[in-house]
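Visitor: One-letter residues, chain by chain:
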Amino acid sequence: MQLSARELAAILNGSIEGDPDVKVNRPSKIEEGGEGSISFLGNPKYEDYVYQSTSSVLLVHRSFEPRQAVNATLIKVDDVYASVAILLEQFGKSTTRNTGISSQAFIHPSAVLAEEVTIEPFAVVEANAHIGKGSYIGPQVYIGQDVQVGNNTIIYAGVRIMQKTEIGDNCIIHPNVVIGSDGFGFAPNAEGIYQKIQHVGNVIIEDNVEIGANTTVDRATMGSTIIRQGAKLDNLIQVGHNVEIGENTVIAALVGIAGSTKIGKSCRIGGQVGFAGHLSVADGTQIGGQTGVMSTIKTPNANWVGTPAIPYKDYFRSFALFRQLPEIYQRLNELEALLRQQSNSTDTSSPTPPNN
Amino acid sequence: MQLSARELAAILNGSIEGDPDVKVNRPSKIEEGGEGSISFLGNPKYEDYVYQSTSSVLLVHRSFEPRQAVNATLIKVDDVYASVAILLEQFGKSTTRNTGISSQAFIHPSAVLAEEVTIEPFAVVEANAHIGKGSYIGPQVYIGQDVQVGNNTIIYAGVRIMQKTEIGDNCIIHPNVVIGSDGFGFAPNAEGIYQKIQHVGNVIIEDNVEIGANTTVDRATMGSTIIRQGAKLDNLIQVGHNVEIGENTVIAALVGIAGSTKIGKSCRIGGQVGFAGHLSVADGTQIGGQTGVMSTIKTPNANWVGTPAIPYKDYFRSFALFRQLPEIYQRLNELEALLRQQSNSTDTSSPTPPNN
Amino acid sequence: MQLSARELAAILNGSIEGDPDVKVNRPSKIEEGGEGSISFLGNPKYEDYVYQSTSSVLLVHRSFEPRQAVNATLIKVDDVYASVAILLEQFGKSTTRNTGISSQAFIHPSAVLAEEVTIEPFAVVEANAHIGKGSYIGPQVYIGQDVQVGNNTIIYAGVRIMQKTEIGDNCIIHPNVVIGSDGFGFAPNAEGIYQKIQHVGNVIIEDNVEIGANTTVDRATMGSTIIRQGAKLDNLIQVGHNVEIGENTVIAALVGIAGSTKIGKSCRIGGQVGFAGHLSVADGTQIGGQTGVMSTIKTPNANWVGTPAIPYKDYFRSFALFRQLPEIYQRLNELEALLRQQSNSTDTSSPTPPNN
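Chains as they are written, first to last, in our numbering: chain A, 579 to 934; chain B, 579 to 934; chain C, 579 to 934.
Just to be clear, a hint being listed does not mean it is correct.
Which copy? The list can't say, so a pair holds if one copy fits it or any two copies do.
What the hints assert, rightly or not - Only pairs whose alpha carbons sit at most 25 Å apart, straight line, appear in this in silico DSS-like list of lysine-lysine:
id, residue 1, residue 2
1, 876, 742
2, 623, 711
3, 843, 654
4, 601, 654
5, 742, 671
6, 843, 891
7, 711, 774
8, 711, 671
9, 607, 876
10, 774, 843
11, 891, 671
12, 876, 671
13, 607, 774
14, 742, 654
15, 843, 607
16, 774, 891
17, 711, 891
18, 742, 607
Derived from the structure by calculation, the hints contain no laboratory data.
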């Protein structure tokens, strides 16, 4: 896709300084640039890049006045970041997806496909599955029995959706995600041999949820594992059986959530965080990377870190002193020695100082 | 599947109070309930739910006597939890799996399939692979050359079993697991460029092992990576080359086990635990979530946590004081100040207190 | 594959003591051994194994003189470890891969396949993809639009390569890896609902890179996520959008690297390490397992551990005192008590000691 500066200025409601006919075919960072690229100056402290940039077009704020000569054509806009989002949207459209039902897919006769559904080669759609209007089932995807997929949902290559899972509208499920596999539940018998507990529940994914590559979501023992609308999960996350993730909560990669834990709305969870099972986490909670949450969090909108999790500020204050422990220890030793000495010189009958 | 209270009471050897003809089609938690569901009261402290529940049938202990009116039909049993397991088993049966050999699979002419094997569409079974009686090879599964799969083993969609892997009877391998990929072994040359070390060993999975979705098990450099019978692995676990995992050991999600480490029998490993390579871990060891095991554990049945791992109680005792470090530091400062002052007032010739 | 001791000695330029006609079909560890296996004595401290070993052939150093009778045929070589690497190479060759283009694959008419390319069943190669000479596309692999794969690269079963990814020569991509899925980028609107940011960049994998099973590499928002030549990534790693990984850097399993972080050359990253976004990490950095890197590392060749990361030695010195915190606390309490007592006995007008 190629767009001229003139066309872009029209889309972004911007004004042009420079050649309106120069064409661009991709966005790039201002420090990378290159002919045919469009870059942006979001933060005035990077202004120097404007004069070095090899990009063909630069998006700048309406108020920007260059102090030196600029090679690129400038497009001045009211909100640089909003304009970048629109730009990315434009260039993102240029990837076309296949449409239609591949003759090389396996589709069970009892499966129901709505209008404008795409099914790619080597996908399997099992008995009684329903795929909603405009949804995309990528190559080599597995859709199990009785699965429901809503409208305009994208399920990329290699995803496995196990039986009875329900997925809403406008979701995006990235490659090799597994949804609805058995939860991790076993009961040891008298000999310590683990007997499998059947998982007869399912997984419910509400609307506008995005799930990153190779993430796994287990189905409930009974009832449902639920991911509420607007939640966004990154790659390689483990969501245990009967977990519930609240609306508009975002979770970074490699997080593990043990069975039956409920995470509130609008939480922000850092990478590699672990949650023990059967907890609840208040709305608006923020959790730093690698934190181990071992008990319920009741206060909303608080910020936690550490294993076990403690308030963010407390952790960093204590960690600063953890680093000083050798010095603290040394000072304690010196104090004891001093006190022992003093004690001897002032009052020989005083109690013995503690042993080192 | 629908069952009446009468039928369920017969299966569970229970006695009925209420309508024996009411029908249920699913188990549910007592607080969720709903018409057509069967719930249970496992712990007497939740008795209040019995009176609020909308479930059609409730499983309760033989000795339970309601103090208020109950809407649901009660089934009284000797062991509520054992009855729930039987119930889940009953309802779990209602999912039927396909049977037979799909004409859309690729099966090498030299592969050997025993009786009652199922091969789903787009599976690949390579040369000299053997699949045992009653085993299920899911859609889009890859079974490499010379792989052996035992009897009644379930291999779900998208699993990759690389060459020479041996899997026992009654195993369950969840979607997108990878077994038998190359171990992570490289030798740097004089220029610091890593040369690949060939991995000519294999992976052996004994009987009754369950492996969770997207877990990876690398094959041995030489010899075998071994998972002993009855071990249960959750999702997204990394098992390195030449690792051995003992009988009836359970491992939670996102654990990483580096090469050549041997984990004993009946261990319980929490989520996101990491093991360095070439260690051994005693039988019955319990390890808390996110622990980093950096040396061999010789004492059986002990409980560890922290990075590096230390005894569980020691960690939490020290962590409580870690949280108090700001106060401890303050008290140390005050002691020093006091001592300096005292020292000045009692003996001006005493040694200088340590600098702050 | 079977080789006689005579043939092996010729390959390894070694001299034989014992039966030159004994045949071996596999390498094994000296303590495992078994008829038909070849083992090695790399470290003289394991010499006792030589006399117990049931291996048919043992590789030993040219200078080795047995002190007791040895059952195995010995092959004496100048460099035992180098000989083992050659041996593994020999035995590794014995696994033959399929060749040719499967009629059960989907290959878009506009895709370009160079000579000697293998495409296995149920693979999908999309429009305008280019596959270089001698490369192997495994079963059930997905190669997206405009993807470039170099020469002699191996892409194992179930890998997903999304659109516009570029992969170099001699790479190995293990099963179920995902390369080029959307980065994790969202902008919250005024109501706290996350809007997706389109990712229009790609992923570039240079030559001689190896990527372990189930690892995920996200594509760039704009520009490229880059893995430089010779880098080796283990299983289950998350590489965020716009990350750059330097030449000959090795990364162990379950590491997470957040968006836009740049890791230098020849770094060694332990398992389960996490990197915050927008950092840079100096060349030659070594990071211990489970470390949380929260700020830029400027000093090359240093060694870090902890969350947040601090110098390796500092961490372990402080951690040793963390373990002693109960004793330190006790001593502080005793000092205070002593001082309070002393203060009373020597000078009743002295200031009150701090409260406990």
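Visitor: With reference to the structure, classify each hint as holding or not holding.
Guide: These are the hints, each one checked on the structure:
no., hint, result
1, 876 x 742, "neither (33 Å within a copy, 46 Å between copies)"
2, 623 x 711, "neither (47 Å within a copy, 47 Å between copies)"
3, 843 x 654, "neither (38 Å within a copy, 39 Å between copies)"
4, 601 x 654, "within (17 Å within a copy, 69 Å between copies)"
5, 742 x 671, "between (33 Å within a copy, 14 Å between copies)"
6, 843 x 891, "within (23 Å within a copy, 34 Å between copies)"
7, 711 x 774, "between (38 Å within a copy, 21 Å between copies)"
8, 711 x 671, "within (20 Å within a copy, 32 Å between copies)"
9, 607 x 876, "between (42 Å within a copy, 23 Å between copies)"
10, 774 x 843, "between (33 Å within a copy, 18 Å between copies)"
11, 891 x 671, "neither (44 Å within a copy, 51 Å between copies)"
12, 876 x 671, "neither (43 Å within a copy, 39 Å between copies)"
13, 607 x 774, "between (52 Å within a copy, 19 Å between copies)"
14, 742 x 654, "neither (52 Å within a copy, 30 Å between copies)"
15, 843 x 607, "between (34 Å within a copy, 23 Å between copies)"
16, 774 x 891, "neither (43 Å within a copy, 31 Å between copies)"
17, 711 x 891, "neither (49 Å within a copy, 56 Å between copies)"
18, 742 x 607, "between (44 Å within a copy, 18 Å between copies)"
The structure fails hints 1, 2, 3, 11, 12, 14, 16, 17 (numbered hints given earlier, in ascending order).
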